[in-house]
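Engineer: The chain contents come next:
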Amino acid sequence: MAVTQLIGARVQRREDPRLITGHGRFIEDHTLPGLTHLAVVRSPHPHARILGIDSAAARALPGVLAVFTAADFHKVLSGSMPVTPSFAPEKKYVPERFPIAEREVCFQGEPVAVVVAQDRYLAADAADLVQVTYEPLPAVVDPEVAMSPGSPLVHSDGPDNIGWDMTYAGGDIEAAFGRAEVVVKERILQQRLAPTAMEPRGVMASYSPYDEQLTLWLSSQNPHFIRLFVSGAMGIPESRVRVVSPDVGGGFGSKISPYPEDYLVPAASKLLQRPVRWIETRTESVMTTIHGRGQVFTAEAAALRDGTLLGLRLTQVLDLGAYHGTFGAFQACACLMSGGVYRWEAISARTVGVLTNKVPTDPYRGAGRPEGTHLCERMVDRVADELGMDPAELRRKNFAREFPFQNNFGLTYDSGNYDGTLDRALELSDYQGWRRRQASAREEGRLIGVGLSTWVEICGLGPSAPTAAATGGIALVEAAQIRFLPSGSVAAYVGTHAHGQGHDTTFSQLVAETLGVPLEAVDLRHGDTAEGPSFGYGTYGSRSLAVGGMALYTASQEILAKARKLAAHLLEAAPDDLEFTEGAFTVRGNPQAKKTIQEVALASYGGSLPQGMEQGLEAVSHFDPPNFVWPFGAHVCVVEVDRETGAVEILSYTGVDDCGNVINPMIVEGQVQGGIAQSIAQALFEEVVYDGESGQLLTGTMLDYLVPTMNELPTPKLDRTVTPSPTNALGVKGIGEAGTIAASAAVINAVCDALRPLGIHHVDMPASPDRLWRLMQEAGR
Amino acid sequence: MGQTLRVTVNGEARTDEVEPRLLLVHYLRETCGLTGTHVGCDTSQCGACTVLLDGAAVKSCNMLALQADGAEITTIEGLAPEGGLHPLQTAFWENHGLQCGYCTPGFIMAAAALLAENHDPSDEEIGRGLEGNLCRCTGYVNIRKAVRAAAQAMREGATAPIGG
Chain A
1 MAVTQLIGAR VQRREDPRLI TGHGRFIEDH TLPGLTHLAV VRSPHPHARI
51 LGIDSAAARA LPGVLAVFTA ADFHKVLSGS MPVTPSFAPE KKYVPERFPI
101 AEREVCFQGE PVAVVVAQDR YLAADAADLV QVTYEPLPAV VDPEVAMSPG
151 SPLVHSDGPD NIGWDMTYAG GDIEAAFGRA EVVVKERILQ QRLAPTAMEP
201 RGVMASYSPY DEQLTLWLSS QNPHFIRLFV SGAMGIPESR VRVVSPDVGG
251 GFGSKISPYP EDYLVPAASK LLQRPVRWIE TRTESVMTTI HGRGQVFTAE
301 AAALRDGTLL GLRLTQVLDL GAYHGTFGAF QACACLMSGG VYRWEAISAR
351 TVGVLTNKVP TDPYRGAGRP EGTHLCERMV DRVADELGMD PAELRRKNFA
401 REFPFQNNFG LTYDSGNYDG TLDRALELSD YQGWRRRQAS AREEGRLIGV
451 GLSTWVEICG LGPSAPTAAA TGGIALVEAA QIRFLPSGSV AAYVGTHAHG
501 QGHDTTFSQL VAETLGVPLE AVDLRHGDTA EGPSFGYGTY GSRSLAVGGM
551 ALYTASQEIL AKARKLAAHL LEAAPDDLEF TEGAFTVRGN PQAKKTIQEV
601 ALASYGGSLP QGMEQGLEAV SHFDPPNFVW PFGAHVCVVE VDRETGAVEI
651 LSYTGVDDCG NVINPMIVEG QVQGGIAQSI AQALFEEVVY DGESGQLLTG
701 TMLDYLVPTM NELPTPKLDR TVTPSPTNAL GVKGIGEAGT IAASAAVINA
751 VCDALRPLGI HHVDMPASPD RLWRLMQEAG R
Chain B
782 MGQTLRVTVN GEARTDEVEP RLLLVHYLRE TCGLTGTHVG CDTSQCGACT
832 VLLDGAAVKS CNMLALQADG AEITTIEGLA PEGGLHPLQT AFWENHGLQC
882 GYCTPGFIMA AAALLAENHD PSDEEIGRGL EGNLCRCTGY VNIRKAVRAA
932 AQAMREGATA PIGG
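Chains as they are written, first to last, in this note's numbering: chain A, 1 to 781; chain B, 782 to 945.
For the record, the hints were derived by calculation from the structure and aren't laboratory data. Quick caveat, the model's predicted, so the values are computed rather than measured. It is possible that some hints are incorrect.
[Said to hold, decoys possible] Over 12 Å on every C-beta distance to chain A, these chain B residues come out as not near it, computed from the model:
no.	residue
1	Thr785
2	Asp835
3	Asn923
[What the hints assert, rightly or not] Looking from chain B toward chain A, a few residues come up when the C-beta cut is under 8 Å (computed):
no.	residue
4	Thr816
5	Cys822
6	Thr824
7	Ala829
8	Glu858
9	Glu875
10	Thr919
11	Tyr921
12	Arg936
A virtual CB, placed ideally from N, CA and C, is assigned to each residue, including glycine.
Please put together the full structure from these sequences, using the hints given.
Structural biologist: In structure tokens, the structure reads:
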């Protein structure tokens, strides 16, 4: 794919004029005549039996329209919320989940009742007046306790707390460890994180009983999946449900899976026959929106003394929460990607999904790949540490170099140049210079550390065969529809749904370039199930360009094929004799004979078409990618740890990434910057904390859950190399999650490198001042 | 039950009967229909609800509408003349200072207050001025760049000859 006027250009975003002037359209900006407001009564207990619900006082409050409990919702909702096979197809125990608890609550924040009132203040008042009598039950919040015999049961009627327990075997692990000259072991924690999209979740629903039409407005990354799930639960034909997801104020994975409110709000609208809206508070968000990560890894790596990596054996204990997240087992891909960019003789990875009395975990930006990368990069550093080798040298010694490269679990990396990104990152970061400065700083007693992360990502979900199996039926391909209107303007629809990624701009660049029309002629639309292709698959897993962009590209090609036939008819030439350049068909050798594609579009609505050709110029296309795509890169972080306080200062951060061809470099840089920030946030600041005894959430507001401000984050030095993917015509990969996958390992490797003189070899996240201070105190004893 | 609130919002004088407990942000969003001011955290950390109250940046989710009685309020919708852009808005656009855009109005309003007092802030001063605003998408790199660019544009604009 060549760089042209539009492809590879830093086009300013088309989304921005409305967003910078306060005219964005987020969920709470929508209203309807007669709108009512819903508030949710939630369990204050992590585990309890519901003995009774007294809603009399709430109902008596003027302005309150209804109080609904599970018994009411059973009239309009049925079934259990969906759980997909994802990467743990062999589930042992999947507790049923109705959107609202009836007899037993299993996590703090689980819905127990809803109140609908004339305004939001009244709804909140009335929710406080609903009296629920609970009998507290024993709760367990630590997954390692929950998986042990004798643990309290998360669900009192469950067999145990084990959601799944399976092992991925990639090669002869015993043989690999049998040859080992050095073995290192580590226990690595992945703390629970709150995704914290700045726009909380929200749902507005309007049910019309007269024609059984349901319209749902919600903040979602994949409105078509929500339509599928909600229509099924409510027993309304999918064609009569419309889901509109307008501007979405961030998602990071937290707006993929369906939530209880996605069912309860439309169900309440049906029960009341009034439009109903619910907007999440931030405390509700931290308490009830999915959490990410939440894993305990134990790992051992085997190597030869010359640094050759042999084997990796690991166990992932994944804290599921009280129910399986719809795509919760996707996080088991940490196991499949634990080998990273290296050649290993064998990897054996056991994954255990464990129920706990907490909100479910589910994919959060990176979803298994940050965890796999963090684990792999920590273990590789531990081996280098053990052998006294430079970690860059050890990495180079083991890089995969021949592509396509098949990893231990049969996944095929499409293309890569891991030396290229590492070399450039070492140069750009002044790695050798920092090593010298580190040495002299150590002589002064200062703790400077340099950390590397050479990462690879599986993304661009995905080929139909594995992804249909992973969802339990629906392949995660992508659909696009492109229509030329008679005037020559182009309406392009795609089934992905941006929430900050700038698709209106990038995809318009792509369509305009491919069809040869001005950028202004293209209107890019997504997020409304009433428009465009019959199904869309959403935005997550860094898939939108490599799959959705490709669907737009293939739809464009179909349009061009028809336009060529019509142009040939109009120009009285053979289709093969036409050239298409800069938006016009010309007859080869006769440049005067010319029809622009917009002229052809107008003619396509006319009366003198070739025999057998239908009117109109439009196409629907599905793109089923032949493989995933595999972006990669190398990041270098330099930190200084304050001996007195344990505070970490990032002195330098460098990222060199490769996502193949790029449509809009400005947007790619923004994605990397934001991804790095979110991963540094995990490495140093953020953690969802529950009290181990009471199961109470201790980080329920942004006072306690520490999203970093501008002052805590560096300005990274960034560069790219370009290794196109050979598996799609655009040569593109994905970049939305790259920074998040790369950065935590670089930061923590740097912190560990800084603390090495004290005999500290591993630090868990967040590497907060108090954690580091304690470690240094213990090391000093 | 209601009490009388007299404020000027984006240059328009208004008199409304409001409940004493009505938050300023809900007054602006629901009574005035100005939905550009967002609620992100309810507890004053995120700054998505930042507006100008007599020129000072305030978090409108943490004050009652009646506390603004008699004040002049500027929201993101009123920052620039109708159809035009304030230099900060232009700079956020040109420098890719936003992704999802939910926090953006709050950042722009907080930055407007900062630049009104400090025409040439250093990076550290920008950091202090915007420490009450959270962004989850950008990593702040381009927000800082945008504020610097806006400051420069405003300085140059201020010294440009009239009509030039």
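Engineer: State for each hint whether it applies.
Structural biologist: Here is what the structure says about each hint:
no., hint, verdict
1, Thr785, "holds, 19 Å"
2, Asp835, "holds, 20 Å"
3, Asn923, "violated, 6 Å"
4, Thr816, "holds, 4 Å"
5, Cys822, "holds, 4 Å"
6, Thr824, "holds, 5 Å"
7, Ala829, "holds, 6 Å"
8, Glu858, "holds, 4 Å"
9, Glu875, "holds, 6 Å"
10, Thr919, "holds, 5 Å"
11, Tyr921, "holds, 4 Å"
12, Arg936, "violated, 21 Å"
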